[in-house]
Structure formats: C-alpha cells, structure tokens
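Student: Residue numbers (the numbering used here), protein chains in the order written: chain A, 1 to 256; chain B, 257 to 703.
Fair warning: there could be bad hints in the mix.
To be verified - Only some residues are given here: those of chain A computed to face chain B with a beta carbon under 10 Å:
#	residue
1	E73
2	Y86
3	G113
4	N139
5	R140
6	F146
7	Q158
8	Q205
I should point out that these hints are in silico values taken from the structure, not numbers from a laboratory.
No residue lacks a Cβ here, since even glycine has one placed at the ideal position from N, Cα and C.
The primary structure of each chain is shown beneath.
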Amino acid sequence: MLEIKNLFVKAGDNEILKGISLSVKPGEVHAIMGPNGSGKSTLAQVLAGRESFDVTSGEVSYQGKDLLELAPEVRAQEGIFLAFQYPVEIPGVSNLYFLRTALNAIRQHRGEGDLDAVDFLALAKDKMALLGIDDSMMNRPVNADFSGGEKKRNEIFQMAVLEPKLAILDETDSGLDIDALKEVAKGVNSLRGPERAIVVVTHYQRLLNYIIPDYVHVLADGRIVKSGDRTLALELEEKGYGWVEESAPNGHPVGV
Amino acid sequence: MVAVAENLDIYLGSFEKLRKAGAASQPEWLSARRCLGMQRFAELGFPTSRNEEWKYTNLAPLARKSPPLAQPVPDGISTAQLESAGLAEVEGHRLVFVNGCFDAALSRTEASSDGVQVGTLSEEISVGDGSLEEHFTCLADVDNHALVALNTAFLEDAALVEIPARAVLDKPIHIVFLTSAGHPDQVSHPRVFVRAGRDSQATLIESYLALGDQPYWSNPVTEIVAGENARVEHYKLQRESTQAWHTGIVYVRQHRDSNFVSHSLSFGGRLVRADYRVVLADQGCECTLNGLYAVKGSQHVDHHTTIDHAHPHCNSHQLYKGVLDDRSTAVFNGKIMVREDAQKTDAFQSNKNLLLSGNAAINTKPQLEIFANDVRCSHGATVGQIDEDATFYLRSRGISHSAARGLLTYAFAADILERIQVETLRDRLESDLRRWLSSNVETKEDA
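Just chain A, with the same shape it has in the complex:
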C-alpha cells in the first residue's frame, strides 16, 4: 500500500530525513518511535503533503501512485489521513460544516454523490456515539478553544468519519490522560481492518499497550535504526532511546 524508498527531506538547509525506507501493507499497524527531533513528525507531514518540506531524493508510492506528485487534498481524497500533532484552530468554521465539506470532497473524488446535511448528521452522530464525543463539540468552530484532549479526540472523530485507507497518527497520544488515551485507541482500533493500514507515530510506548502494532520502527537522526515487532517497543521503554541510537548499525536502515 505504501512504499517509501530511501527518502531524503530538508526543511530549509536542514536535512531532517536521511534515507528512510518503509513498506506498509494493507491490514498492518506500524509504530514509528523515536526521540524528539528524530524526524518522526516530518515523515508524517511529508506523507500528508506539507509543502514547507523539500523532498531532495527518494520515492514514495501509494497504491501504485507516485504520492509525492499528488496535492495534499488529492492524497486525502485517495484515502490518506493525517491526525495532526497540533490540530489547527479555525475560528468561524463549524466542525460539522468543515467535516461535511471534507467528506463530500472525498466522495466526489470517488464518484459518489454528496451527503446532505441530514444524512451527514446521522453519520456523524453514529461516530460520536462510538467515540463518546459530546454533541456540543460538533457545532463549535474547528478546534477553537478546544482543550488539548478535545483536539486529539476531534482528530480521531474526523478519521472515523472520513474512513481513510491509510491513517497516520502523529503523536496523537502526547499529553493525553489515560481515559482520553483509551478512547483514542478505541477509535483507532475500530478502524482496523484487512484493507486499512495505520501508522502510529509516537514518543511513548504507553499508547502501544492499547493499539497493538504489528511492527515497530525506531527513528533516530532521520534514519530508521531498528525495526522489529512489538517487543521492540517494550525493550525501548526499558532501556531508553539512548540504547538504539548507540546500537545503530552505521545508520543503515533495517527493513522489514
């Protein structure tokens, strides 16, 4: 589904990703872990199409298409979803209106008709009930004056409504209390399925107690320095990131 080959990315003059390779197949859950500044969020944003980064070399293919050629909105329409580390506040645009506009853009891309306000509301209510989200949040402007936890939950709610094929969660767990974390995990797990893939970017192992990954990759200084199964996450938790950074085999990525 997603094939990243030797990806190099710069922000301004800084080289942030220095040769990332990663292969994600439908049905899989991958966790990307790493210390702050290792390039995790950059990778997530590059996949979503953030234009402030410069891809200097490498390839990314998604469902056989050259992902790097696609505009951010087309990536979303093709089924990619990024749950933002820092969701953006958009005063004046109601959450529901925003999400209906987004869903209909995706539906149009797929050649499906628009959902009208009534049908959309029914769908949104189902998802809200599933995630335990309060109705009142939906009529408020997008993320405006939301608490940190509300913003993260809103990301998961959007994901649940848009039903992406490839969901990338960028530190969605950071700063959440355990109850919120469980709800976020519940939302993500409800989306798991044989046609969908999920990439969980996180700093903390804790989330992976609730979203059980098939693979764990450790990112350090712009490279994947270690890959393994979920036991790698437990090992990391115990030994700290210093352990992998030291044991990196000359910075060569370890594929899965």
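For this one, chain A is given, so just place chain B on it according to the hints.
Tutor: Coordinates of chain B only, in the frame set by chain A:
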C-alpha cells in the same frame, strides 16, 4: 479644502434651476437651508488629498466631472428589477427611491397602531405639523463638510422616520436607494432622517443598489437621533455598481442611556467613502459600530468613524473587518474622542484585514484623543494573509486549495455577518458573501 469645484458654475446653475422649480412647494426654512448648503459648497469645494481626512481617497476625478442630477426613470422600475439589483427582502415598512425620487409603487408602508411614521419629506411638507423644521438637517455638519453641504443644497426628497416614545417595532424599516443610471455620471443626494423617541426600539436598514453597471455618483447623508433610553439598530448595505462613486455619511446623536448599533456592509462601488459620526451626548450611552468591506479589482473603500465621548459612563465598541483582493485598496480611520468630562469611558476599536493578493493595500489608523483620566480605551489593527497552517489542515482533509481559501475567507468575514440580528438579512448577506467568494477567491489557484 481650498479647491473649489472646477465645475462650480454648473453646480450653481443646476441649483438655481432646482430652486426656481421647487420654490412654490418648499417652505421658507428649507429653502434657506438649501441656499446655505450651496453657499458653503461653493466656498469649500471638493476636499482634496491635502485634507488629512481625505488623504488616501482622491475625489479629484469626481471634481472634474459635471454630473447632472439624476432624473426619474421614464417607464418606472418593476419589482423584479428591484430584486435583480440585489434587494434583500425583509418584512416591514419599505421606502424605495429610484434615482433620488420616491417610488410609491415599489414602497410599502403599513398602517400601524404604534404611531410610527414612515414617509417622505415632500409628503411631510404638505401634510406635516411643521415640527420638522426644528430637527431636520440639524445634525449634519453643513458648515465644514463640503459634500454634506452639497447634499443639503440639492436635497429634493428625503426618507423620514419618526418613532414615537415607547414604540417597539417588531419589524425593520427598510429604505432603498436604487440607481438606474439613464445618464452616465448622474448624481443623486439621498437623505435619511430618523428620530427614535424615548424608550423606543427600532431597526433601520439602508440599502444602496444599482441596476446596470454605469458610472454615477451617490452622495447620501443620514441623520439619526436616538432619544433617551432608545435602542436603534442600523444597517447600511452598500451594493452600488462597480463603476459608482459613493460618498456617504451617517450622523448619530445619542441621548441618555440610549443604545445604537450599526452594521456597515460595503461590497459595491468603485470609490466608496462611508463615514459615521456619533456623538454620545449624555451619560450611559452604548454605541457599537460593526463593519465589513469586501473589495476586488480596483475598488477603493474608505471608512472614517468618529465617536465623540462627551459624557461619563459611555461605552463604544467598533469592529471593522476587510477582505481585499486584486489591486483593491481600503482605508480605515477610527477616531475616538474622549472629552474631559467623559470619565469612566470604555472604548474599544479593532480593524482587521485579510489581503488575498499581494497588490491589495490597506491604510488603517486609530486616532485616539483622550482628555479624561479615568477611562479605558483600547485599539488594534491587523493586516494578514490566509493562514497557511489552516489551509494545509483543510487540504489534508480533502478540501481543494481554492475551496480552503474560500472557507477561511468566509469564516473571517462571517464573523461580522453573524452579528446581524435580522435573520432574513443575515441569510441573504451570507449567501451574497459566498457568491462573492466563489466568483473570486475560489476561482484562483495559486498553489
């Protein structure tokens, strides 16, 4: 203000003609005021950019023209035409003036038990009790404002609204000035006078509309007196033709404990000046001025507001927002005067601008003159572009770049429209704004 109109003779000539024609039907006091207006205009001439108040708005091209007075439309205007000009259909009294002349067929005045009088100057002169003389034209500054003097000289008719004490109107009063330019460069001088009595409550809408896209000049003056404890809500909808000149001014005088709220919504016109001069003439007044301007092409819109805090314990609140595209330009100059006696004044002013193009420009200037020492006055101005992070966020959800820009621009501007209390008017303006955006912002891809 030294440059006399280059075509002063023409103005004097048409004034003389008008004076002779109307001599019989107009009372002495009105003729005298009109003569004074003509005299002051002749002395003052058009304001030039040397005048600080007109620094960024150049009337020189207008001063060089010799605009004939607008004439009635021979075949009249149909309701369908009025609607096609962008009329917002709201319930209640409606006065329609076409090219400055009252059009009874398009107007709708309802007999009401609350004693509200909605009518015209010509009607009042023929049947009124003569009390008009005491108030009419008394707020407008004929002595110092050339265009107000010119309006006064040429005022043929006017919309008059008298709301008796304690009357509470549940429907708005809509005054429509439609221009159907038969002659290019024609001028009309719309005039509105509103008196809201003690404890009364009313909503007033002024709409400036056009049929066709001819150049013309609209030079309106509005006077509003809010009596003690009265509540007046005022809307000014400016949707002149894109070739039109609009130089309007609204004078407001607030008496004790009165509340005045205005919404100045400016979309049309080629060169637009829209001023408010509010005097808080007694204690406990509250004044809110909201404004929205959306301009494109080479449109120019200039808002000057003045709030004169002359007495203690008054609040004023101003929020003007602007959306500028292409090579359009805008001016916001907000003056707050707090006089020595006006202790405990609370005045707030904000002007926020969204520039959609690198070629658009805004001159924004707060002007605070504070002579009292126990007051709270704050002001702020922002000029910005569409937020890139927000755009990316929307795009990452599947919304196209152009639609994302449109959505963000709409959200910025709708903040003002949401404050509109008249629901049908708000709905109408929201869809107008969407249309404005879709014909502009959303069609531009600059990714």
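Student: So, for every hint listed, does it hold in this structure?
Tutor: Evaluated hints:
{"no.": "1", "hint": "E73", "in the structure": "4 Å, holds"}
{"no.": "2", "hint": "Y86", "in the structure": "9 Å, holds"}
{"no.": "3", "hint": "G113", "in the structure": "16 Å, violated"}
{"no.": "4", "hint": "N139", "in the structure": "13 Å, violated"}
{"no.": "5", "hint": "R140", "in the structure": "13 Å, violated"}
{"no.": "6", "hint": "F146", "in the structure": "13 Å, violated"}
{"no.": "7", "hint": "Q158", "in the structure": "7 Å, holds"}
{"no.": "8", "hint": "Q205", "in the structure": "27 Å, violated"}
Violated hints, in rising order: 3, 4, 5, 6, 8; the structure is consistent with all others.
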